[in-house]
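S.K.: Chains as they are written, first to last, in the working numbering: chain A, 1 to 597; chain B, 1 to 316.
Hints are computed from structural coordinates only; laboratory data are not their basis.
Zero decoy hints are in this set.
Below, computed lysine to aspartate or glutamate pairings styled on EDC-like, alpha-carbon distance capped at 20 Å:
hint : chain 1 : residue 1 : chain 2 : residue 2
1    : B       : Lys-194   : A       : Glu-504
2    : A       : Lys-433   : B       : Glu-189
3    : A       : Lys-433   : A       : Asp-477
4    : A       : Lys-433   : B       : Asp-186
5    : B       : Lys-205   : A       : Asp-411
6    : A       : Lys-444   : A       : Asp-411
Spelled out, the chains give:
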Amino acid sequence: MKHRLEVTGLEVRMGRSGPDVVRDISFAVPAGEVLGLVGESGSGKTTVALALLGHTRRGLRITAGQVLLDGTDLLALNPRDLRAARGARVSYVPQDPSSALNPTLRVGTQIREVMRVHPGAVASAGDRMAEVMREVRLDPTPEMLRRYPHQLSGGQQQRIALAMAFACRPSLIVLDEPTTGLDVTTQRHVLDTVRSLCRSHGVAAVYVSHDLAVVSGLVSDVAVMYAGRVVEIGPVARLFGEPVHPYTRGLIGAVPSPERAEALTGIDGQQPRPGRRGAGCSFAARCGYAIADCTTIAPEQVTVAGRSVRCLRAQDIQATHPQRLPAVTGPPAVAGTPTLSVRGVTASYGSTPALSGISLEVPPRGCVAVVGESGSGKTTFARCVAGLHSNWTGEITLQGTRLAHGARQRDKDVLRRVQYIFQNPYTSLNPRKTVGQIIDQQLKQFTGLSRRDRSARAVGVLEDVSLGPDFLSRYPDQLSGGERQRVAIARALVVQPELLICDEVTSSLDVSVQAIIVGLLRRIQAERHLAMIFITHNLALVRSIAQSAVVLHQGTVAESGPVEQILEHPANPYTQRLMEDVPKLRPPSSGARASTG
Amino acid sequence: MIVNAPVAPAAQPRHVRRIRRHKRGAMLWSAARTPRGMIGLVLASLVVLVAVIGPFVTPYSPDANAPLALDFAKPSAQFLLGTDVEARDVLSRVLDGGWVLLIMAACATALGIVGGAAAGVSAAYLRGASDGIIMRTVDVILSFPQLVFALLLLSLLGPRLWLITIAVGVSHAPQVARVLRAATLDLSERDFVKAAELQGMRPAKVMWKEILPNLVSPLMVEAGLRLTYSTVIIAGLAFLGFGPPPPAASWGTMINENREGLALNPWAVIVPALLIALLTIGTNTFTDAFARVAIGIDRQPEEAALIENLGQELGK
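Okay, chain B solo, but in the shape it has when bound:
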């Protein structure tokens, strides 16, 4: 006997588990969940926390001489990290000296990314004369070491904090431009860009609406990398004397002014140096984790196989 059942339409579940790369921040989140990304994020967050909360919890005034204290006093119950060259509390200065560095590094990075992206994307998309002019300028700037170029700009601009920020930002732009030009060259040949041109879209709009959204991953990786470099360069410039003016605390300046007391109270140098190191290692490690997620190295085997499958389909 045949059971008189209606033929069930084989329902295929549509909610296929996919790599949710489109959700904003989804890739950041998956990067944070890798061991590498977790370590990087924790390190960087620790330093940021110190720099942000620090100024509100200083035991002493960071810029004033501590009462009844000697220069380069060893750590004691009173001064947990000892005192510095002018007998100020090192702990207070460490807590207070980070936020300026962070803000400057963030602004310089933003400036470098925006400027570099604009130059790189338009060079690659417009080609011709614009490409030549932009990229030859980039080549000239790249022929200087980055720190030297920033110093060169500073000697022209002057040692104000916002000028330092601009100088560092400008020194980043050429490297960002290089990377984004390469990524854009590939994208500009894709048919969806041609389709937009056939809609009569203006070049600026094509770059902004069609190309830029596809550059989010390289932009993020560059931003992380540039943030690392910004921190190092800005701290380095402060060490060389281009930083917040004297009484103000700053990690870079602290390393410089307390060098002579290294044998007496090494903590006045070690702690700021360590914080800078942790911050750069943290941002760099996290960026690395993000880049790996972006190119799919850290994905699960199943996902990797699906991606390869897709690659095969694309190859046809």
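Only chain A is shown next, with the shape it has when bound in the complex:
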């Protein structure tokens, strides 16, 4: 097969001779196909994506390798030729279309501009504009082209970015998580568009993503990156069906599935940063299969079962099958007075309605998932219960007592009993305070304990969230995202609440860390007999934690009931569409040839 794009031995370093950020990156993409480049944050996937266009972030430098596009090495071009190639032969679709489009230019002008800076690439700009707009399924009407980016939805903005990328009919297109931040339905439409455009124009595409499920439905081949290396690369069905590299196995075990009830298994530890990756395999420290040699010998790529793997023990591991544990169903909710009861809550921001007539009950020891897309009102709902949003009507009762509207009107004991864990652990911890101070402050506000009792409690609660006492003296910016979220959970737990509100607590974390945090929350909920509200946009995650679910749509309850019923037999058309559009990891059977061990 003739490859449109061939990357060999690509290496990017910090400065001229600093530590490598990515190394030994080699892959090839044939015309009309999409390669998925997946990895967690810090794996170097965006660095590789930018290097394909001969670009690096500030402080980085491409130090070795070739990016052959139809036979010419892009990295060997002089700056003028490289500039001419960018946008015309190689184009880039960034992650966030709202900041990638110029807010002061009409979208038509922006698309035309791409063609104008590459004279000769397009015969007739007007015809091409209409053509490319139709391809991304937007109407090429003058009204549409005269709009400014802020007059378009997020999905439409991303289509405009796609139109700009395809306008000059490039040979290669690099997409850097273009659907992050879009809701699932829009995401599916954008993915369909990308796929059909690549097919019909013979474009080679590299699709960067942290979301394995998104990639599995789109690409033909997938490369898994870890700590700046490609650890496993091969056809998507083989790779996701029967992963060989322990890291790939770990990632796939961590991806929640809306269809199967399985316990999520995370990967402990964290990815080493550039310069701290050691001599051997970077994954050895977190690897369940590691042997002594793994820490000293850097693994070379070997071909096993139809894919390339960078692992010393690939042959041995390939013979074993990853274990998937069935989901442990949580403790059954206890009958009796519900811990939290919400009746007819209607909320608004100023005059904009956000919620109307929400009712639900959280039984003692039960976990209710509140699911919805962005703008569905799920976070507003959580904030009403917590008292962070006070402009609501209706009734919320905690163990039979009515709650005041705002946190300021609630007494200390009520505030203590309802604890809130925020979405983003990067902003929910004060960067100027140590973990010890953060937890101590919570105790000081809510208890009359002595200094010694407080510090004993702090150590105890850190242990509950699997952090050692040495974390007490650390600052939040010395912690990884997962560790920060554990601290936030510890802060909530230390005052022994009755109801825990988790607002998208895993959405800013990597999937392997998400699995660990979800497991932690489950364990804590069972041990401490907590009632819990788990807010999420991720339907797949619901099954791993909640017994019942409430689906919100445009501020109203679309459907509610036990989790199994909602996921398996959704009654509401909106829920049905959501279930259909949610990206799913391909089931192991499809396409993967059974390999005997």
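Based on the hints, put chain B in the right spot on chain A.
M.R.: Showing chain B alone in chain A's frame:
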């Protein structure tokens, strides 16, 4: 043969070299190590040294007429910088005339920073009516040039040294309030502030314990900038006659009273003017270096890349 060695747990060194921004004064120290910061610090320290040690090493009494001397005598072995309008030794007056300026500038700056920070932070955090009242007041004061506003206050208060200090401090407050309001608006939306509110913390305590510690960098930059302005304004007021009363030496007053002898003994004007200039350039340059460190411009490439990495993570 497989060597029967136990699997070594791959030890990851925990002592990762980090930007030690939390250590008190660490950022000041790293600012001082940049070329820009070094120059600023040296210049400012020189002038401060002159002003502080000066009064103890004056060759003559700074306020008394030098014996057997003429007005505006040229520099000589006897009077190294010559004499001034009343035949006093210029060197002695230069050595003696700085410390009052420094103390007044420092106090005025402290006053302006404290007042401005209190106004700006509470306007931004409390919003509503407090925000309106505080910021409209600030707008009114800002519509006067700072020196004019200080003069206006002085004509109401009177020309005492501590009143001058207060007037200058008050004239700084609105500008400080503007800057800190903007910084606080961003911080108040962070979740850790919401978390404190959910602990039932009183607003004053939230501002003091949660928000203020995160404003250290903008506060330091403002303080440096305001110190520069204080020096200029206080020296300027002394030039206009609002300074230490006549026999006392002061750099601002010296420029004014020796203007007429510029052709005879220019040093009586040049030296105090130069010292004021060096001081303001020094504090301003150092502040600039500090601000650059605070926003990470002068950091090493590796650190810059790590910071960008972090930014990417935050963006997710």
